[in-house]
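So the sequences go chain by chain: A and B. Using the numbering used here, the first residue of the first sequence is number 1, and each one after it goes up by one. Using the numbering used here, the first residue of the second sequence is number 1001, and each one after it goes up by one.
Read the hints as simulated data drawn from the structure, not as lab findings. In this text, a Cβ means the ideal position worked out from N, Cα and C, and glycines have one as well. Keep in mind that the hints are not guaranteed to be accurate.
[Unchecked claim] Quick look at which bits of chain A chain B covers, simulated, 3 or more residues with Cβ under 8 Å:
1) 44 to 51
2) 181 to 190
3) 264 to 270
4) 286 to 297
5) 359 to 372
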Amino acid sequence: MLEKTLIEKVLREALTTNADFAEVFIEDKFQTDATLLSSKIQGVNNSKEFGIGVRVGKGYQSVYGYTNSPLEKDLLKLAADLAQSFPGEPVGIEFSLEEMKVGNLHPVKILPSKVSIEDKDNLLRRADKAAREYSEEINQVQSRYQDYVQKVWIANSEGTYVQDTRVRTRLAIAAIAANDETKQTGFNGPGGHYGFEFYSDIINVEDSAKEASRIAVAMLHADECPSGKMPVVIDNEFGGVIFHEACGHSLEATSVAKGASVFTGKKGELIANPLVSAVDDGTIPNAWGSATYDDEGNLQKKRQLIKDGILTSYMIDKLNAIRMNDEPTHSGRRESYRYAPTSRMTNTYIDNGESTFDEIIESTKFGLYAKKMGGGSVNPITGDFNFSVSEGYMIRDGKIAEAVKGATLVGTGAETLLKVDMVGNNLATAQGMCGSLSGSIPTDVGQPTIRVSEITVGGRGGTI
Amino acid sequence: MNFDKLFKVASSKGIEDLQIYFIDSNEFEIGVFKNELENYTIANTQKLSVKGIYKGKMGTVTTEVLTDDVIDFLVDSVIASAIAIESEDEVFIYEGDKEYKKIEGIYNESLNNVTAKQKIADTYKLEELIKSKDERIKMVQVFYGDGSNHVRIRNSKGLNLEKLVNDGMMGAQVVANDGNDQRSAFEYTRSNDYSDFDLESLATLAAEKAVALLGATPCESGEYEILLTKEASSSLLAPHVSMFSAESVQKNVSLLKGKVGEVVGSSKISIVDDPFMKKSVRSGSFDDEGVATTYKELVKDGVLTGFMHNLKTAKKDGIKSTGNGFIGGGISPTNLYIKPGIFKYDEAVKSMKKGIIITDLAGTHSGANPISGDFSLQASGFLVENGKIGRPVALITVAGNYLDLLKDVTQVCDDLKFNFGYIGSPSLLIKSLMVSGL
């Protein structure tokens, strides 16, 4: 998009003061969104995003600026303005940009731009039909189709120069079941680093839609969840959000480097039950959170965060690596050119253990079975977390009993990791959007079914 | 981009009416940590949103590439998008209102007149001040940011509107640790008048908040009388604002559907949407569809009076848009808040026999369901016994239903405060909520 010579010029302009690092991030993104409600296509929107971010740094300090303008004079002015933050003589950095070419490690078969809007809309119609046919109690279905092709060019004063193309698509279905008393929503939103082949080769559109309806109908007939402390069995797929929120964020350099995380300085120490091993892997072929390169131009990789309960690695970006005096783990990510990159998760999951799903349920006398998790949030300083359970059941005498709604799980990440006392063998992942300092990015969460010996459960069904 | 050319090409390709929304934004942001600048961001961006009617349907497209060579792409996208739409809703481009209110105080030069250097110096000073307040304060992250938006709307029916707004925010995330427990607090001021950033009072508030919760543990489960502070109340109101959107009503996902004229809250509760509020970037005399905005009490003395509309929902109901049509959100409030009462916060505390002051609610984006009104949220705050503030509590959940809560409000305090999204509330005294703890 920009000539290499212009990129080099901008980088050199950024180094005219005392700065020792400069980076240019160029993004050209084309996105299509389509929504369906009341069985009718409500809107289709194309959007073209284009912008350039310039980062200038010295040591672990950095400044950032961005603009939509590709004009040389605007970019040189931006670089010069940013360079003013580091007054002094140039440190004399020499570099030349050599493009690294490894090809796209997550190839797609059918580029979204080759598919007609009509074919995309048809997916929404199929999902709508299947969701409604599941039950007469489904009275509204809202679905959304999304695809994008994000092309990025990343160059820096260390000579890094890479181009990456991220193609992602997602179909999100929200089904509402209603009766005279209440309304309940079920959600399912599969996605991946795929083109349109995702909907023929990878998922079944009808099954995905029915899953949303199944949850809504199950919760329509659920009792209010009782409150109190109890064992909780958290199922696989989106159940992994508990690890993502309560532990993953505290292992990101953004909180570790400043000493703000409960896991600061704990490398090599036991922080979880030895049954727990956890991974952040940006290389899983075509996964939602995968890419060839991170957003600082380094090849993505697999990081073993926890091995048999012992903390083995944090997730670290370039600047925080300097601050922490540790190696970068190629974890720099950002939503768009509007954000400077920082350490973020990709596809993060608890690895398989040995228990079967049935063993876990059977060995639980009383507790909550959180089959589907909703969203949640965590305070990285205290580690306090909260999650909503979007589909839950009580476990009584080792059997899954009545459905319960409105449950919230509250606890702290560090404590919960130690209280995991069973880990299943049915690892599966699900897709989410993760919001943090560098914006909202696609991430996979995942785990096998696990049991936590005790979590505080909030609900309106009285105390246990 | 030559907009005249865009209108010309659109018309020649059969687009009946066209409207453009063009926004030019400037941003400045700094962050300070341990007496070092850890974030410094400057930006200038532009975005063009185009909508046009083709064969009776409204097509849309947005772009950040603003050269004339994307004009054909924009027009073709509007047509393709219009063709795909099946919704039978009548669509139109607005010819404009006779009058647009002249609003003062939504753009303030002071944010430009103060130099970046001064803003950075003040941010450093705020960090120092907070640290000096209490030795248990272990970490402070301070930030300042300001920005301006220049919005222009033009359409083929002759409408031509323009507005300029700006605002700034200064605040801090503070971590306190007493050796046994660690707590954090967040405090900020938002305004477009730089002289409103009072470092001393901001530092005092932030420091007090951070240490107050040290040693907090869960309390016994049960029903408690609740004092929701202004911050907790506005964060709980935010996810429920969609109830007041006519779009939610027409989609049959608003609990308030069919309740206009009915009592939906305590007679002490009035909920206002005020587009004319000073010092807010959400304010303006027109919405993103070019419709004149209006001041309205959506709830007046506990009675629901109506909903927020955009052009589409208003047409459906055969009424005039309330000027709440915004890009990206369909229908959004401007500055929406629970009207403050006259009760003093301290009086509210004194009036409580056995209850809990909730100062913070977490997870409102997932633990509150605006469709059912049910919420179950992680909370922290303080126990109150016989009018006296007792020990801090944390890791408890409070559960209830938002409409029930509005009905159970017994006192409304006079301390209105807005959150980032310009949703505001004073502190509210609530008859009771279910608390889950020990």
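Results for each hint:
1. Closer than 8 Å: that is the beta-carbon criterion, and the stretch 44 to 51 of chain A has 8 residues meeting it against chain B, so the requirement of 3 holds.
2. For the stretch 181 to 190 of chain A, the stated coverage by chain B is satisfied: 4 residues place a CB nearer than 8 Å to a CB of that chain, which reaches the threshold of 3.
3. Against chain B, the stretch 264 to 270 of chain A contributes 0 residues with a C-beta closer than 8 Å to a partner C-beta. That does not satisfy the three-residue criterion, and the hint is violated.
4. Note: the stretch 286 to 297 of chain A has 0 residues with beta-carbon separation from chain B under 8 Å; the three-residue rule is not met and the coverage is violated.
5. With a cut-off of 8 Å between beta carbons, the stretch 359 to 372 of chain A has 0 residues touching chain B; three or more are needed, and the interface restraint is violated.
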